[in-house]
Amino acid sequence: MENPEVLGKAGKKVVILGNEAIARGALEAGLGFSACYPGTPSSEIGITLADIAKNTRKFYYEWSSNEKVAFEACAGAAFSGVRSLTAVKHFGFNVASDSVFPVVYTGVKAGMVFVVADDPQGHSSAQSEQDSRFYSRMGMIPTLEPSNTQECKDLTKKAFEISERFELPVILRTTTMVNHSTGSVKLGAIPKPKTKGRFVKDFERYHSIKPILQKMHCVVLGKIQKMEKQYAGLNCIEGTGKTGIITSGVSYQYIRELGLKNIRLAKLTMTYPISRSFVSRFLKGLKTVIVVEELEPIVEDFVRMVAKDVNPGVRIYGKDILPRVGEFNCDIIMNAIAPVLGLRKPDFSAQDKWLKAIKIPVRKPVLCPGCPHRSTFYAVKKVLGAKPVFAGDIGCYVLGMFKPFEMQDFFLSMGASMGVTHGIEKVSNQRTVIFIGDSTFFHAGMPGLANLVYNDPKPLIVVMDNRITAMTGHQPHPGTGITAMGEKCKPIDIEAVVRSFGIKNVRTVNTYNQKELQATIKEFAGKDEIGVIISRGMCRLLYRKLMKSQGRKLPKFRINPAMSVRCAQHAKEIACPAIQREGSRVSIKEDMCWGCGLCAQIFPKGAVQPVAVGQASAKKGGKK
Amino acid sequence: MTYNVLLTGVGGEGVLVTSVIVARAALLDGHEVRGTQLHGLAQRGGSIPTHVRFGRRAHSPLIPRAQADLILGLEPIEAARVCYFAGKNRTSFIVDTYPIRPSSCNITGETYPSNESVKRMLEPFAKKMVFVDASNICREKFGNPIYGNVMAIGVALSAGMLPIKKQSLIKAIKSTVPRGLEKNMAAFKMGLEFRE
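Chains as they are written, first to last, in our numbering: chain A, 1 to 624; chain B, 1 to 196.
Source of the hints: derived by calculation from the structure; they are not laboratory data.
These numbers were taken from a predicted model, which means no experiment stands behind them.
All residues carry an ideal CB built from backbone N, CA and C; glycine is no exception.
Please note that a few of the clues may not be correct.
Using 27 Å as the maximum straight-line C-alpha spacing, the simulated DSS-like pairs for lysine-lysine come out as follows [as the list claims (entries may be wrong)]:
hint : chain 1 : residue 1 : chain 2 : residue 2
1    : B       : K119      : A       : K589
2    : B       : K166      : A       : K186
3    : A       : K210      : A       : K223
4    : A       : K553      : B       : K183
5    : B       : K171      : A       : K353
6    : A       : K545      : B       : K127
7    : A       : K186      : B       : K171
8    : B       : K119      : A       : K12
9    : A       : K196      : A       : K157
10   : A       : K548      : B       : K166
11   : A       : K223      : A       : K261
12   : A       : K186      : A       : K381
13   : A       : K186      : B       : K174
14   : A       : K223      : A       : K242
15   : B       : K174      : A       : K9
16   : B       : K166      : A       : K9
Examples of chain A residues lying across from chain B (beta carbon under 10 Å, computed) [said to hold, decoys possible]:
hint : residue
17   : N3
18   : Y254
19   : V366
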């Protein structure tokens with residue numbers, strides 16, 4: 001079990017992660033079916049559910065091939081009367097969105113909760129600071145926003161209740177600081193879930209075509225109107241004063257932390273639909289209002305609109321004083337609102353000066369020791385140089401954007417390496433190389449590949465097949481051969497898929513065999529045709545775990561001190577964290593070496609030697 | 001009152017596990033607990049600052065600026081990196097002097113600061129500082145530096161920098177790291193007995 005606390009007894013108080021609390025809330029609501037594609041900051045919701053499903057067999061869980069498929073599977077379960085949940089990161093919503101909108105029209109039979117985790121600040125995302133609350137408005141999807149861990153659990157349960165009552169999917173919208181916050185949570189009871197249902201044919205319900213379409217639209221609007229009244233009580237007002245603050249999500253906790261006096265504080269728990277009567281009540285008698293929300297001025301616009309009718313004289317502050325970029329914290333909020341409240345800003349000028357004086361090396365995330373991607377990047381660069389356009393995609397290999405490789409010239413979204421390369425190829429004469437991971441290949445790479453093959457560009461495609469969805473913590477995908485619930489199944493062979501598209505030059509190569517890898521790259525690059533190399537090597541972290549579980553040890557290597565200086569340039573070219581440089585000398589930090597043997601293949605002959613494993617673990621190493 | 005503990009280090013050092021021990025122990029003492037665990041790219045050798053707050057008035061998951069009571073740095077420069085949260089009249093530092101050089105240093109040739117210069121950096125932010133070679137001591141004693149974090153908790157407790165009952169910490173260690181418990185308990189005891 002990842003964290004047994006999540007399955008604690010009803011009435012017990014535990015400290016768990018926001019994401020674990022969401023998973024627990026779903027169990028307390030009688031979850032019968034769940035499917036996700038992993039994406040940080042939402043990943044631990046699926047990880048927790050997968051773990052529990054595997055161990056208890058009380059409900060079904062799967063890692064689907066992408067977020068759209070996961071959402072659709074959950075819709076199918078909810079159509080058939082089984083409560084379902086899917087959780088995505090913000091960009092996962094974009095992937096799923098095509099199916100999300102029609103499900104609002106058809107409605108669901110059992111509760112269906114759609115967790116969407118936004119990532120202001122981009123802690124774990126490299127695409128945009130998307131505010132997914134816009135989707136709620138566009139799709140008319142009821143939306144709840146928890147502000148802490150306890151609410152993560154309670155509101156997930158509430159979301160199921162609302163979903164089932166109104167037969168609509170309900171969004172639980174979070175941000176990184178909620179998903180990855182920890183806190184004490186009081187647990188409730190877990191009922192026996194319903195896991196089997198039945199799809200009942202219903203032409204009027206499941207065919208969103210005109211004229212039924214308009215009727216459905218009216219029904220949804222009616223539901224939203226009703227809900228706005230019935231659930232206004234989820235929001236709350238505390239404190240009194242002529243100045244008001246209205247907020248939601250984690251910002252509410254920051255405001256409480258500040259302990260401001262003489263403030264009327266409103267917390268919006270349901271941010272779609274926002275209750276007009278609640279906001280009117282809040283605005284009455286106020287002279288000044290500050291809207292505190294991260295990212296876009298969604299609540300602010302609503303408050304301004306309502307104020308026009310109920311309190312036109314009120315002075316409203318929002319994005320004119322608070323940033324629209326990045327996430328908040330107590331200090332950012334205090335600095336922005338202190339002048340409005342007539343308070344003095346905290347003075348940190350002395351600290352700022354001292355902070356500036358701290359000069360320490362940055363710690364960029366790096367490919368792990370022994371990472372198969374390192375070997376692939378090295379081989380491609382060795383054969384083709386730095387000149388080709390290197391199309392990147394989403395996975396651990398984005399780290400190849402940094403020195404020394406600099407081999408991710410762009411990355412947009414899952415699978416985009418294929419489409420973007422297609423456009424570049426069509427309008428330029430440049431050589432292109434596409435890097436795409438195995439999980440990403442199944443997620444969104446295949447449509448792009450079909451388009452490439454059909455329309456005849458000739459990139460070299462390298463599928464970096466590490467056998468798993470690695471970056472989010474080792475979730476299986478259709479090529480792995482095991483389900484989320486731990487059952488063995490037949491893996492889909494990427495090479496066979498690629499061949500079935502009619503591509504002739506296809507080869508699966510062992511990532512760690514530099515000679516073979518480089519020879520294949522050279523051979524395929526010399527042809528005026530599309531080529532696909534499946535560079536296969538298991539994620540080293542996973543391999544390490546596997547070895548450990550079998551009681552086996554990874555091989556280790558050391559650098560012959562006499563040849564240490566001659567290795568410096570090579571060490572720079574692969575940037576392995578286990579290889580440390582001091583001055584012109586390089587050495588291998590033994591407890592960090594995971595024995596991939598890349599250095600042994602490419603460093604000057606005889607410079608790198610294997611260490612007898614028993615010997616390595618007994619040796620007390622130096623510090624650096 | 002709220003007590004704010006910031007634990008930091010590099011992915012793989014056991015920062016998250018250490019924070020779970022502190023949080024569970026605080027809960028056992030009857031406190032409300034808040035905090036953060038940002039994972040992101042932590043596993044790939046990134047910095048990993050983790051906040052644990054306990055007491056009745058803790059709302060924000062993040063420690064507000066300059067309000068950390070204890071900064072437990074499992075790696076020296078990572079302790080220096082979070083000085084934003086430290087304040088001279090409030091913050092105690094415990095620093096494990098086991099350095100993990102960022103691998104970018106290998107490319108850029110950037111130098112890694114000495115313990116002395118890290119001390120100088122922390123000085124304006126620290127009420128008290130304890131430097132302890134916990135990971136190295138544990139590596140020599142147990143063959144694995146990983147126990148350094150539990151030893152550091154022991155150091156914090158005996159230095160009066162962690163207002164949590166010893167029994168609660170022991171219970172929390174037992175429930176959080178049941179595997180390798182003997183070594184963890186031994187490391188904890190070594191921390192309790194540590195004198196600078």
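Comparing the hints with the structure gives:
1. B/K119 - A/K589: Status holds; Cα separation ~26 Å.
2. B/K166 - A/K186: 24 Å, holds
3. A/K210 - A/K223: 20 Å, holds
4. A/K553 - B/K183: 21 Å, holds
5. B/K171 - A/K353: 42 Å, violated
6. A/K545 - B/K127: 42 Å, violated
7. A/K186 - B/K171: Holds, at roughly 20 Å.
8. B/K119 - A/K12: Status violated; Cα separation ~43 Å.
9. A/K196 - A/K157: Within the cut-off at roughly 20 Å; holds.
10. A/K548 - B/K166: Cα-Cα ~33 Å, so violated.
11. A/K223 - A/K261: 39 Å, violated
12. A/K186 - A/K381: Roughly 54 Å between the alpha carbons, so the hint for A/K186 and A/K381 is violated.
13. A/K186 - B/K174: The hint holds at about 22 Å.
14. A/K223 - A/K242: Roughly 35 Å separates the two Cα atoms, so the pair is violated.
15. B/K174 - A/K9: At roughly 19 Å apart (the allowed maximum being 27 Å), A/K9 and B/K174 satisfy the hint.
16. B/K166 - A/K9: At roughly 25 Å apart (the allowed maximum being 27 Å), A/K9 and B/K166 satisfy the hint.
17. N3: 8 Å, holds
18. Y254: 5 Å, holds
19. V366: 5 Å, holds
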